[in-house]
Structures are given as structure tokens and as C-alpha cells.
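A.B. asks: If you want the building blocks of each chain, they are given just below.
2 protein chains.
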Amino acid sequence: MEKRALVVGAGLVGSLWAVLLAQRGYEVEVYELRQDPRSAGFTGGRSINLALSTRGWRALDKAGIGPGIRETAIPMYGRMMHSVEGELTFQPYGREGQAIFSVSRGGLNIALIEAADRYENLRFHFGQKCLGLDLADNTIHFEQLEDGRRSSVQSPLIFGADGAFSAVRRSLMKLPRFNFSQEYLEYGYKELHIPPAPGGGHAIDKNALHIWPRGHFMMIALPNVDGSFTGTLFLPFEGRKDAFEHLHSDEQAMAFFRQHFPDSLPLIPELLQDFRANPTSALATIRCNPWCYQDKVLLIGDSAHAIVPFYGQGMNAGFEDCSILDDMMEAYQDDWTAITGEFNRERIKDGNAIATLALRNFVEMRDLVADPLFLLRKEIAAHLQEKYPGDFLPLYSQVTFSHIPYSEALREGAAQDELFNRILAIPDIRHNWKKSPEVDRIFMQWLNERRS
Amino acid sequence: MEKRALVVGAGLVGSLWAVLLAQRGYEVEVYELRQDPRSAGFTGGRSINLALSTRGWRALDKAGIGPGIRETAIPMYGRMMHSVEGELTFQPYGREGQAIFSVSRGGLNIALIEAADRYENLRFHFGQKCLGLDLADNTIHFEQLEDGRRSSVQSPLIFGADGAFSAVRRSLMKLPRFNFSQEYLEYGYKELHIPPAPGGGHAIDKNALHIWPRGHFMMIALPNVDGSFTGTLFLPFEGRKDAFEHLHSDEQAMAFFRQHFPDSLPLIPELLQDFRANPTSALATIRCNPWCYQDKVLLIGDSAHAIVPFYGQGMNAGFEDCSILDDMMEAYQDDWTAITGEFNRERIKDGNAIATLALRNFVEMRDLVADPLFLLRKEIAAHLQEKYPGDFLPLYSQVTFSHIPYSEALREGAAQDELFNRILAIPDIRHNWKKSPEVDRIFMQWLNERRS
Numbered sequence: 001m002e003k004r005a006l007v008v009g010a011g012l013v014g015s016l017w018a019v020l021l022a023q024r025g026y027e028v029e030v031y032e033l034r035q036d037p038r039s040a041g042f043t044g045g046r047s048i049n050l051a052l053s054t055r056g057w058r059a060l061d062k063a064g065i066g067p068g069i070r071e072t073a074i075p076m077y078g079r080m081m082h083s084v085e086g087e088l089t090f091q092p093y094g095r096e097g098q099a100i101f102s103v104s105r106g107g108l109n110i111a112l113i114e115a116a117d118r119y120e121n122l123r124f125h126f127g128q129k130c131l132g133l134d135l136a137d138n139t140i141h142f143e144q145l146e147d148g149r150r151s152s153v154q155s156p157l158i159f160g161a162d163g164a165f166s167a168v169r170r171s172l173m174k175l176p177r178f179n180f181s182q183e184y185l186e187y188g189y190k191e192l193h194i195p196p197a198p199g200g201g202h203a204i205d206k207n208a209l210h211i212w213p214r215g216h217f218m219m220i221a222l223p224n225v226d227g228s229f230t231g232t233l234f235l236p237f238e239g240r241k242d243a244f245e246h247l248h249s250d251e252q253a254m255a256f257f258r259q260h261f262p263d264s265l266p267l268i269p270e271l272l273q274d275f276r277a278n279p280t281s282a283l284a285t286i287r288c289n290p291w292c293y294q295d296k297v298l299l300i301g302d303s304a305h306a307i308v309p310f311y312g313q314g315m316n317a318g319f320e321d322c323s324i325l326d327d328m329m330e331a332y333q334d335d336w337t338a339i340t341g342e343f344n345r346e347r348i349k350d351g352n353a354i355a356t357l358a359l360r361n362f363v364e365m366r367d368l369v370a371d372p373l374f375l376l377r378k379e380i381a382a383h384l385q386e387k388y389p390g391d392f393l394p395l396y397s398q399v400t401f402s403h404i405p406y407s408e409a410l411r412e413g414a415a416q417d418e419l420f421n422r423i424l425a426i427p428d429i430r431h432n433w434k435k436s437p438e439v440d441r442i443f444m445q446w447l448n449e450r451r452s
Numbered sequence: 453m454e455k456r457a458l459v460v461g462a463g464l465v466g467s468l469w470a471v472l473l474a475q476r477g478y479e480v481e482v483y484e485l486r487q488d489p490r491s492a493g494f495t496g497g498r499s500i501n502l503a504l505s506t507r508g509w510r511a512l513d514k515a516g517i518g519p520g521i522r523e524t525a526i527p528m529y530g531r532m533m534h535s536v537e538g539e540l541t542f543q544p545y546g547r548e549g550q551a552i553f554s555v556s557r558g559g560l561n562i563a564l565i566e567a568a569d570r571y572e573n574l575r576f577h578f579g580q581k582c583l584g585l586d587l588a589d590n591t592i593h594f595e596q597l598e599d600g601r602r603s604s605v606q607s608p609l610i611f612g613a614d615g616a617f618s619a620v621r622r623s624l625m626k627l628p629r630f631n632f633s634q635e636y637l638e639y640g641y642k643e644l645h646i647p648p649a650p651g652g653g654h655a656i657d658k659n660a661l662h663i664w665p666r667g668h669f670m671m672i673a674l675p676n677v678d679g680s681f682t683g684t685l686f687l688p689f690e691g692r693k694d695a696f697e698h699l700h701s702d703e704q705a706m707a708f709f710r711q712h713f714p715d716s717l718p719l720i721p722e723l724l725q726d727f728r729a730n731p732t733s734a735l736a737t738i739r740c741n742p743w744c745y746q747d748k749v750l751l752i753g754d755s756a757h758a759i760v761p762f763y764g765q766g767m768n769a770g771f772e773d774c775s776i777l778d779d780m781m782e783a784y785q786d787d788w789t790a791i792t793g794e795f796n797r798e799r800i801k802d803g804n805a806i807a808t809l810a811l812r813n814f815v816e817m818r819d820l821v822a823d824p825l826f827l828l829r830k831e832i833a834a835h836l837q838e839k840y841p842g843d844f845l846p847l848y849s850q851v852t853f854s855h856i857p858y859s860e861a862l863r864e865g866a867a868q869d870e871l872f873n874r875i876l877a878i879p880d881i882r883h884n885w886k887k888s889p890e891v892d893r894i895f896m897q898w899l900n901e902r903r904s
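These protein sequence lines map, in sequence, to chains A and B. Going by the numbering used here, the first sequence opens with residue 1, and the numbers climb by one from there. Going by the numbering used here, the second sequence opens with residue 453, and the numbers climb by one from there.
Among the hints, erroneous ones may be present.
Computed cross-link-like contacts, EDC-like style, restricted to lysine to aspartate or glutamate with a CA-CA straight-line distance of at most 20 Å [as the list claims (entries may be wrong)]:
1. B:Lys455 - B:Glu572
2. A:Lys387 - A:Glu412
3. B:Lys514 - B:Asp892
4. B:Lys801 - B:Glu635
5. A:Lys174 - B:Glu635
6. A:Lys296 - A:Asp327
7. B:Lys801 - A:Glu186
8. A:Lys378 - A:Asp440
9. A:Lys296 - A:Glu330
10. B:Lys801 - A:Glu183
11. A:Lys3 - A:Asp327
12. B:Lys801 - B:Asp892
13. B:Lys626 - A:Glu186
14. A:Lys349 - B:Glu635
15. A:Lys349 - B:Glu638
16. B:Lys642 - B:Glu697
17. B:Lys626 - A:Glu183
18. A:Lys62 - A:Glu27
19. A:Lys190 - A:Glu251
20. A:Lys174 - B:Glu638
21. A:Lys206 - A:Glu191
22. B:Lys839 - B:Asp892
23. B:Lys830 - B:Glu816
24. B:Lys830 - B:Asp880
If you are wondering where the hints come from, they were derived from the structure by calculation, not from laboratory data.
Construct all of the structure, not just a fragment, from the sequences and the given hints.
C.D. replies: Shown next, in the form of C-alpha cells:
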């Protein structure tokens with residue numbers, strides 16, 4: 001077959017995918033709405049830093065840029081919880097040495113575009129707005145932003161990597177029996193800047209993801225290489241006492257921070273300016289089915305499965321799409337009928353599973369992480385993982401530090417909930433779990449039930 | 453305020469709603485994609501007959517056309533089940549004399565348009581394709597199908613009654629935080645014509661909705677005034693032994709009907725012609741939230757809540773939107789900020805509830821109606837309704853023969869499931885329920901629990 005492909009979107013997923021296609025000898029055309037970030041500066045994208053984890057690294061390594069990215073990625077070994085009183089509690093993400101990595105969205109995107117641009121068989125077309133597809137002959141239409149000139153390109157394979165508001169997907173939506181949903185959270189978010197400490201360096205522990213959990217809302221902060229942190233406040237838009245609708249004046253914003261995040265005030269000197277200047281953005285979950293049109297058009301990344309950011313898996317899931325497809329190109333020797341068929345059949349349930357997990361993790365982050373019983377569960381889970389490494393991997397580790405399909409992890413998580421319902425029902429568990437043989441007995445029983 | 457409104461869509465809901473607006477003195481402009489069905493003949497719409505029930509009648513009576521429609525509507529007092537062997541079982545829908553009414557979509561639509569056209573303050577514009585809205589100034593754009601001429605109309609109130617694939621809704625979808633989903637059933641449907649009996653009259657009992665339940669698929673038939681019935685086959689598109697994908701040749705179709713619906717063969721003389729000529733259509737559930745843009749644009753009927761047809765409530769729910777809004781115009785004296793606010797706050801959950809009920813009723817119709825335990829439950833429910841009329845109204849009656857909000861009926865249905873789980877667990881219930889005091893005892897206990 002003709003090895004020629006067109007990718008819509010040169011964001012994280014589109015440019016990584018373009019590299020993998022080029023590596024396998026495809027002639028690749030990449031069309032992107034924005035201008036070239038290498039010359040125009042990086043704009044857009046919803047958050048300025050992201051958490052890379054195991055699934056994402058595999059794809060970056062496939063594309064040959066893992067080592068370069070590792071040089072500036074900042075490992076975060078766990079969550080650092082800030083109480084209202086300013087007390088800190090650290091909770092590791094996995095086993096010793098395991099971490100998720102804070103990376104800059106702009107830096108990573110530029111690194112991917114640079115990597116892609118090294119291939120002679122790959123060309124970028126920036127400033128090109130996708131107007132839609134003619135599915136009858138796989139022709140795609142663009143408008144050049146600078147001069148409004150329109151062009152049409154025919155390609156045997158078109159990939160929609162154009163994000164949550166995908167124009168490629170909009171064309172597929174007109175097909176009969178195309179299932180689609182976009183669901184917004186009733187929460188918005190606002191980014192706030194935590195500058196480096198006076199004299200340089202990070203003002204708070206740089207090797208942790210900081211969380212200020214406050215029940216129905218929260219703030220988080222991720223480290224940047226320049227010593228700063230990016231803080232993000234997640235808060236209901238309206239309908240509650242604590243909501244963006246009640247934070248219009250400087251006085252209201254300041255009173256809110258004084259009440260709920262007093263220890264953060266010295267860290268965010270430009271709080272009021274940031275609060276006024278930065279947008280309050282919305283958070284959506286997007287699901288659709290199918291992800292393909294025949295063996296000719298395929299959606300990947302956010303265009304197929306945009307999720308809320310609370311499991312740190314949005315980018316990782318999109319990158320995993322790429323590495324799975326790369327494996328399939330190998331296995332099926334570029335038979336795209338087989339590849340799109342299997343990807344569509346097997347991967348959608350994983351996209352749905354990580355969407356569900358991400359929504360649930362919001363409750364965990366904003367509420368449960370401050371719950372003593374939840375922390376106890378984490379401790380016991382770590383003990384079980386340590387003692388029975390082949391038989392117990394906590395859900396968080398399955399999602400973050402493994403390549404287990406998300407849908408399997410979701411099922412496994414339900415079984416683990418059942419286990420911990422039994423364990424946490426042990427009388428006086430809080431004080432004697434280390435000494436009591438009950439935990440291990442219940443675990444072995446649970447394990448035997450699952451094996452039979 | 454200025455009493456001026458624009459309605460997009462002159463289908464069942466749009467033309468009924470236009471009448472109610474005109475009655476209250478609004479200057480009403482109605483724009484419709486299709487040509488005037490009074491001159492061009494009725495085209496489109498997915499099924500040619502529909503089941504009118506209590507909610508729908510109320511709105512038709514408000515619009516003053518109830519009596520006229522009653523003259524030709526055919527009462528269906530219950531379900532007539534056809535077994536593979538051709539045995540018939542009748543199951544009443546409600547109390548004696550209660551019925552749902554088979555009406556012709558085209559006839560009803562034309563009657564509504566004629567009723568609307570009697571108002572001097574109401575104008576129809578046919579053959580006008582809605583291109584979208586400018587929400588900034590509530591301007592809506594149309595293209596005249598005949599000559600491609602475009603026009604723009606500004607209106608303080610715009611109603612989207614333009615159906616499941618609403619162009620008005622498409623404009624709202626671009627708003628931030630607009631939730632939307634379209635979900636297709638894995639089933640398609642095909643209409644088949646059952647002509648009048650030789651010599652005129654209906655070939656099978658005209659006062660019933662006929663069902664051929666076959667587990668994972670079914671056929672139904674509704675009577676028409678000319679003595680014919682419209683049959684509809686609901687069958688999976690693919691992926692099962694019995695599926696449209698396996699019915700390509702005449703031989704396959706005929707063998708399928710011989711095996712599953714032998715008693716229908718003499719009724720459908722043109723079976724093979726119908727099967728080839730009639731489309732296999734898809735069935736979608738559409739949900740969105742909000743249904744309005746400020747107090748300026750409001751979605752009603754299928755554009756807000758398209759549902760599958762299995763509860764016979766699609767049209768009735770759309771008509772109920774109209775009568776609820778009409779009540780509100782009265783109560784709030786045309787304060788559209790109050791009306792759109794409350795409608796959006798209160799009615800969406802009812803739209804979601806009837807969507808859920810309709811999906812569930814498919815299982816009931818195609819599978820459970822042939823289940824002896826399900827029939828027993830229906831009998832006991834009828835007994836309870838008879839004996840405790842103030843305390844027990846079966847779910848089906850709440851939906852079909854009452855104005856109880858759908859969301860309340862859905863909740864009530866869950867409680868009734870719980871009741872019947874207990875009743876049907878009585879040993880040997882099948883044979884002795886009429887004599888045993890247990891049924892009444894359990895019912896009273898259930899009632900007391902709910903009251904406390």
C-alpha cells in the first residue's frame with residue numbers, strides 16, 4: 001500500500017504520532033491551526049505543566065526523545081498535602097524511587113516538533129484551519145489563517161489529533177450512528193503563579209505535587225524548572241458558598257485565600273493580579289464511538305477521549321494511543337483495515353475507563369486525601385504491595401506505573417475497593433493493623449476468591 | 453415586553469407551540485426546512501403513526517384541536533402479544549376504558565399547521581434552512597431552499613423545535629459548558645405495511661398495539677384509520693445471529709420471517725418489496741443541558757430530548773414541554789427570564805427520566821412481555837391499583853395516564869420494583885396469590901415504610 005498519511009494537529013499527540021509514522025517510512029503531512037511555536041512562541045493549551053508517567057515515557061522513548069525530556073523533567077515522588085493550618089503530610093505515589101514527572105507543555109511540544117522536523121519525509125503546515133472532511137474521497141479542507149486561501153488535500157489515511165474540539169471529529173459526527181458526548185464539570189480552574197524563592201530555587205519541596213484539599217474544592221501546584229510552581233485552583237463555578245461566582249472583588253478573593261489557603265499567601269505575591277488576569281476555564285470529558293471512519297480516518301488523543309486532569313493521564317493516554325498504534329503497525333505490517341478495526345474495538349473501553357477514573361480521582365484529591373481512613377488504606381495497600389509484589393498492585397500504580405489497560409485497572413480497582421471494605425471493617429484497625437494477622441488473612445482470602 | 457417570537461421547525465412540537473404562543477398574543481414567525489405539507493404532501497418524520505396519550509392530549513386540548521383529532525384517533529386498550537405459534541395474549545395498558553391512541557403523524561401535523569394558520573399574528577415560512585444563530589444579538593440565519601437566497605431575522609425569543617438534529621442546538625453547542633450527548637441504539641428499524649383485510653376493515657384487532665416479542669428483537673404494529681397497520685421490525689444492525697446484516701437477500705428475509713413471525717406472513721403481502729425498498733433507520737437518544745441560552749433561546753421537543761420510541765412518549769413529552777411552558781406564561785405573565793430559568797431547572801430531569809424509561813421499556817417490550825413472571829406482576833399490579841386506588845398507580849400508568857413528572861415516575865418505578873421483588877418471592881406465588889393474604893400484607897408494609 002501507499003505509505004502516506006495526514007495528521008491534523010501538531011500538539012503533543014499529533015507531533016509525537018507524526019514522528020512514529022515518519023520513522024516507519026510514511027510520507028507525513030502535519031496541519032496545525034496555530035503558528036509554529038518555535039518562532040511564534042508557544043501559545044494555548046490549557047495548562048502550562050503536565051505530569052508524565054510510565055505510559056507517556058514509553059511513547060517518548062519510541063520517538064527517541066525520552067532521554068532529552070528526562071533532563072529537565074522534575075520527579076514528583078508523592079503528594080504533599082497542605083492543611084488549613086499549614087501542616088504538611090507526604091504520601092508517596094508508589095514504591096521508593098517511583099515518580100511522576102512535571103514537564104512543561106510548551107517545552108515538550110517544541111521538542112516533539114523539532115524531533116519530527118528532522119525527518120525528510122515529514123512536513124509541517126502551520127496556521128492552517130481545518131474546515132472539514134469529505135469522507136467520500138478522504139479529502140480534507142483547510143483555510144490558511146494568514147490570507148484566507150483555501151486548499152484541499154487528499155490522503156489515504158487521516159489522523160485527527162486536533163484536540164477536545166476536534167474539527168475532524170465534527171465531520172465524523174455527521175455519520176449515522178456516531179455516538180458522542182461532551183460533559184462539563186461544574187468546576188472551573190484558574191492558574192496562579194508561584195515564583196522562585198528569593199535567591200532562586202523552589203519555595204516549597206520541588207519533588208512533590210502539592211495539594212491543598214478542601215473538601216469540595218482544592219488547589220494544587222506543580223514544579224517548573226525555573227524554580228517556580230504553577231498553582232491551579234479548582235472551584236465550583238457557582239451554586240455553593242465557595243464558588244468563582246462569589247470571588248469578583250479583590251477583597252473577596254483575598255478573604256477566600258486567607259480563610260482556606262493561608263500558607264499559600266506568601267507563595268503567591270501576585271495573587272490578585274493573577275486572579276483578575278487569568279481566565280476561569282472549564283473542564284470537559286469527551287467520549288465518542290467509533291473513533292474511526294472505515295480504515296481511512298482515525299481519532300487519537302483528546303479528539304477521541306478528552307478527560308479531566310485529575311489522574312494526570314490526559315497526555316499519557318494520548319501518547320499511549322500512539323505507542324499502541326505503533327505496535328500494531330509492526331504487528332499488522334501496516335494493514336490499516338486490521339489496525340483501525342482492532343484499535344477501535346479494543347481501545348475505546350480504555351478511553352472510557354480513564355475518563356471515569358479521572359472523574360473519580362477528583363474526589364480523592366480534593367477530599368479523601370485529607371481523610372485519615374483513606375490515608376490508612378494507602379498505608380495498608382503499600383504494605384500489601386511490599387509483601388505480595390506479584391499479587392497486589394494498587395490501582396494508582398496500575399494506572400500510573402504500568403501498561404495494564406485502563407479498563408482492566410478500573411475493574412481491578414473495584415475489586416480492591418471490596419478488599420478494603422473488608423479490611424477497614426476490622427475492629428480497631430486504625431491502631432493495630434501492623435500487629436494483627438487479620439489484614440493478611442483477609443487479603444489471602446480475597447486473593448483465593450479471585451483465583452477460583 | 454415585546455411579544456414577538458420565532459419558532460424553528462413546523463413539525464408536531466413546533467406548530468403546536470406556535471399555536472399556544474399565538475393564542476397568548478405573540479407575533480409568531482415559524483420557519484420550517486420542508487415545504488408546506490398541505491400542498492407538497494407530508495414527507496419525512498421517522499414513523500408514520502404515533503401513540504398519543506394523556507400528556508399529549510392536554511396540549512392538543514390547550515391548542516383547541518383535541519376534539520378534531522379524537523375523531524380519527526384509534527384507541528389501543530392494551531398490548532396484543534403474538535407468540536411464534538400465533539397464540540395471542542392481551543394485556544391491558546391501564547384500567548378499563550383507558551387507552552393510548554394511534555394517530556397519523558402526517559394528519560396530526562397538518563391539523564396543527566391548519567390550526568396555527570388561523571391566527572393572523574402567526575406566519576409560516578416553509579423551505580427555509582436554518583444556518584445558525586448569532587447569540588450576541590439573537591439573529592438567526594436562513595437559506596431559502598428554492599433559490600438559495602439568504603436572510604437574517606432578529607427576534608427577542610427564539611425556540612428551537614427543529615428536532616433531533618436541531619440546527620438551533622448546534623449553535624448552542626459552541627457555548628462554553630454546554631453538555632451534550634447523542635447515543636445510538638445498536639438496533640435499527642424498518643417499517644412494513646399491513647394492508648386492510650380483503651373487503652376492508654382491519655386484518656387484526658384494531659384496538660390493540662400488536663407486539664411480536666422475540667427476546668432480543670421484536671416487531672410491532674399500530675392501526676391506521678384506512679384499515680391498514682404500520683408494522684415496524686426492530687432488530688440489531690449486526691453482531692448477532694438475528695441482525696439486519698444477515699438479511700440481504702429475499703431468501704434470507706423470508707426465512708427469517710417464516711422462523712420468527714410466521715403468523716404475520718399472510719398480513720404483509722408486500723413483505724419482500726417493503727424490505728428492499730424501506731430504509732433501515734437508526735434510533736438515538738439525545739440529551740443536553742442547558743436547554744436555553746439566557747432568556748433568549750430555548751430548545752423544546754426532540755431538539756432538547758430525542759428519545760427512543762419504546763414508551764410511546766417522544767411526541768407526548770414534546771407536547772408536554774409546550775403545555776408546561778404555556779402554564780408558565782400564565783403564571784409568570786410572560787416573564788421569560790423566570791420561565792426559561794425554571795423550565796431549564798425543572799424540566800431537564802424529566803427529559804432525562806423519560807429517556808431512561810424509554811430505553812428500559814425496549815427490554816420490556818421485546819423480552820419481558822413474553823415472560824410469565826412479568827405478566828403475573830402486571831396482574832398483581834392491576835389488583836393493587838383496583839384495591840388501593842389512592843395508594844398505588846403502576847409505573848406505566850404514571851407515565852402514560854397521568855401528568856406526574858417523569859422524574860417522579862422513574863423514582864416511583866424503582867420503589868415498585870422493590871415491592872414486586874418481595875411479592876414475587878412469596879413461595880408458590882404464581883398459583884395462590886389471589887387467595888394468599890401475603891400480597892396485601894407485603895404491600896401495606898411497603899406502603900408504611902414509604903410513609904415513614
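A.B. asks: Checking one constraint from the list: CA of Lys296 (chain A) to CA of Glu330 (chain A), max 20 Å. Satisfied?
C.D. replies: Holds, because 18 Å separates the two Cα atoms, which is no more than 20 Å.
A.B. asks: Are the Cα atoms of Lys296 (chain A) and Asp327 (chain A) separated by 20 Å or less?
C.D. replies: 18 Å, holds
A.B. asks: Check the hint pairing Lys62 (chain A) with Glu27 (chain A) against an upper bound of 20 Å on the C-alpha distance.
C.D. replies: 18 Å, holds
A.B. asks: When you check the alpha-carbon spacing of Lys174 (chain A) and Glu635 (chain B), does it fall within 20 Å?
C.D. replies: With Cα atoms ~13 Å apart, Lys174 (chain A) and Glu635 (chain B) stay inside 20 Å; holds.
A.B. asks: Below or equal to 20 Å on CA atoms is what counts here, so check Lys801 (chain B) against Glu186 (chain A).
C.D. replies: Holds, because 17 Å separates the two Cα atoms, which is no more than 20 Å.
A.B. asks: When you check the alpha-carbon spacing of Lys174 (chain A) and Glu638 (chain B), does it fall within 20 Å?
C.D. replies: 17 Å, holds
A.B. asks: For the pair supplied as a hint, Lys455 (chain B) and Glu572 (chain B), confirm whether the alpha-carbon distance does not exceed 20 Å.
C.D. replies: 14 Å, holds
A.B. asks: Need the status of pair Lys626 (chain B), Glu183 (chain A): alpha-carbon distance at most 20 Å?
C.D. replies: Roughly 13 Å separates the two Cα atoms, so the pair holds.
A.B. asks: Is Lys349 (chain A) within 20 Å of Glu635 (chain B), Cα to Cα?
C.D. replies: 16 Å, holds
A.B. asks: Against the 20 Å threshold, does the CA-CA distance of Lys206 (chain A) and Glu191 (chain A) hold or violate the hint?
C.D. replies: Holds. Lys206 (chain A) to Glu191 (chain A) sits at ~18 Å (cutoff 20 Å).
A.B. asks: Verify the proposed pairing of Lys514 (chain B) with Asp892 (chain B), using a straight-line Cα cut of 20 Å.
C.D. replies: 40 Å, violated
A.B. asks: Does Glu412 (chain A) sit within 20 Å of Lys387 (chain A), going by the straight-line distance between their CA atoms?
C.D. replies: 19 Å, holds
Of the numbered hints stated above, those contradicted by the structure are hints 3, 12, listed in ascending order.
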